[in-house]
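Novice: Chains as they are written, first to last, in the numbering used here: chain A, 33 to 328; chain B, 10 to 295.
By construction, these hints were calculated from the structure, which means they are not laboratory data. Careful, some of the hints might be misleading.
Said to hold, decoys possible - Calculated lysine to aspartate or glutamate pairs in the DMTMM-like style (CA-CA distance at most 20 Å, straight line):
id: 1; chain 1: A; residue 1: K69; chain 2: A; residue 2: D275
id: 2; chain 1: A; residue 1: K299; chain 2: B; residue 2: E16
id: 3; chain 1: A; residue 1: K69; chain 2: A; residue 2: E250
id: 4; chain 1: B; residue 1: K99; chain 2: A; residue 2: D275
Unchecked claim - Quick list of simulated restraints, FRET-style, between CB atoms:
id: 5; chain 1: B; residue 1: F22; chain 2: A; residue 2: P145; range: 41 to 51 Å
id: 6; chain 1: B; residue 1: Y20; chain 2: A; residue 2: L143; range: 14 to 24 Å
id: 7; chain 1: A; residue 1: S162; chain 2: B; residue 2: Y91; range: 51 to 61 Å
id: 8; chain 1: B; residue 1: N95; chain 2: A; residue 2: V179; range: 42 to 52 Å
Claimed, not checked - Going by beta-carbon spacing under 8 Å, a handful of chain A positions derived as facing chain B:
id: 9; residue: V150
id: 10; residue: V154
id: 11; residue: I210
id: 12; residue: I232
id: 13; residue: L244
id: 14; residue: L245
id: 15; residue: G280
id: 16; residue: T287
id: 17; residue: I289
id: 18; residue: F294
Don't be surprised by glycine CBs; every beta carbon is placed ideally from N, CA and C.
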Amino acid sequence: MAELLVPFQYDFMIKAMWVSSLVGAVCGFLSCYLMLKGWSLMGDALAHAIVPGVAVAYLFKLPYAVGAFFAGLLAALGMAFIRQQSKLNVDAVIGLVFTTFFAAGMLLVSLYPAAINVQTIVLGNILAISDWDALQVVIITAVSLAVLLLIWRDLIAVFFDEDHAASVGLPVTRLKVIFFTLLSACTVAALQTVGALLVIAMVVTPGATAYLLVDRFERLILIAVGLGAGTSFVGAYISYFLDGATGGVIVTLQTLIFLAAFIFAPKHGLLARRRAIKTTVLADGRDASASPAASP
Amino acid sequence: MMSWISEPLSYPFMQQALLIAVLVGTVCAVLSCYLILKGWSLMGDAVSHAVLPGIVIAFLVGAPLAVGAFIAGLFCAVATGYLKENSRIKEDTVMGVVFSGMFAFGIVLFVKVETDQHLNHILFGNLLGVSQAELIELAVTAIAVIAIVLVKRRDLMLYCFDPEHAQAINLPVRSLHYGLLILLSLTIVASIKAVGIILVVAMLIAPGAIGYLVTDRFDKMMAVAVASAITSSVAGTILSFHIGGATGPTIILVQASLFMVAFVFGQRRTSPIALDRKAAQRPSLR
């Protein structure tokens with residue numbers, strides 16, 4: 033029993049757990065919007081694209097968030113420009129730009145292996161995060177959370193029905209720019225906890241899980257934030273016993289909860305759907321495929 | 010100039026690296042044309058991340074790593090399809106959940122299990138550390154994939170371009186779908202040793218994108234894709250020798266420069282069909 037409390041005796045573990053939870057909460061918040069819009073892969077792309085910026089920042093001993101921000105901005109502009117000026121599909125453009133940026137980051141790492149720790153960037157290293165990096169993460173997440181709490185209703189309006197949002201006088205373009213700035217900021221923060229390769233899970237999985245459980249957007253956000261924070265806290269805790277792989281543990285937990293929701297969710301789960309089909313078959317006796325519950 | 014090119018090639022390990030780079034580049038380029046048409050660019054991303062747990066589990070049970078990787082990659086694609094059909098979540102979201110979950114699980118397994126593999130080599134590849142046996146494995150896979158694609162290239166193209174039409178003229182759409190997924194997984198598994206999980210994604214997008222920009226005809230597109238992939242593989246390998254950087258990333262960056270050249274100078278006027286497609290998807294993405 034006492035063994036299980038060991039992580040709480042170390043300052044670095046306590047720091048890791050609450051910084052992770054904070055990041056998980058904000059990412060969970062954003063995941064609700066990304067998931068509904070089908071923008072999930074933007075999170076992945078941004079997380080890879082900021083890698084060269086982080087590498088350069090570590091190389092010149094700058095705050096890593098600054099480098100990440102500029103690289104992310106450059107990548108976003110590049111994607112927008114190529115998309116506008118070519119006939120390529122958006123997924124090809126995203127893939128092309130982020131892999132190129134990532135390759136640039138990896139080339140930098142291979143040229144200056146001593147200055148940049150590649151594992152830290154791509155897999156995160158929250159257990160050994162420096163106070164200075166942790167401070168950046170806390171500032172980023174706190175500001176993002178504050179902004180989100182201010183504008184989350186407006187964002188819903190914009191994301192669900194842009195025309196309507198514009199007609200009631202919301203600054204649609206500005207809200208979208210704010211949203212993507214928040215998303216980049218949170219990928220930058222999540223880089224420290226789970227690493228570039230797993231950021232996508234942080235900004236997708238909690239929202240997707242919540243979407244299987246509830247229908248109202250307010251509850252969706254609450255559940256996603258809770259899942260993000262909870263899994264991050266527990267994940268950081270468990271990773272103490274594994275000696276690392278914090279990101280892997282956090283995301284594995286999130287995925288397991290997602291699978292549980294997929295099977296057992298009260299209304300939208302696999303079992304509930306099966307049951308709905310069966311009852312209509314029994315009641316109707318003829319045509320199961322016409323069941324409204326089976327084909328939403 | 011000549012010695013700039015010939016000097017690196019006087020080393021046997023560089024010759025082998027060059028051969029591997031060209032092989033991987035060619036097979037990825039051939040597939041990338043179909044992926045671009047099908048809008049599957051990010052499927053390569055998903056499958057390549059998902060192979061990690063397969064590699065670790067194969068190591069645990071003593072199976073060939075490639076087999077484990079292949080099964081895991083295919084599992085990711087099939088699971089994505091299954092989850093999408095049985096829930097109300099969008100496909101790209103499901104894909105993100107599945108592949109990141111599998112990758113995360115792979116990382117946890119990797120930390121738990123003592124393997125003789127370097128995580129960095131799996132993630133980023135090691136073009137200079139490929140053994141003779143692995144080279145043969147890669148060559149056989151690459152040639153087999155290219156041969157199958159060439160034999161089936163018309164059917165695959167029609168399926169990627171217009172699945173409904175393909176179905177209407179009685180093509181085996183299901184087998185084409187899974188066949189393409191299998192070819193993709195095979196290619197990724199064979200390439201990972203050389204270029205790693207992440208950069209293989211670039212090789213599965215950029216050549217096809219270059220081809221797609223400069224021509225409207227599929228055969229030409231594939232020729233351009235293969236030519237640009239081979240060019241960047243050769244140039245990237247030689248360049249990496251001189252700058253002392255990692256080979257995989259250098260190849261990708263050369264490829265990206267070729268893309269920029271095609272983007273600035275080589276673009277054909279957008280065809281009406283492509284414009285239509287773009288207009289149709291714009292509202293959902295802006």
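Novice: Quick check: which numbered hints come out false for this structure?
Specialist: 1, 2, 4, 5, 7, 8, 11, 14 and 17
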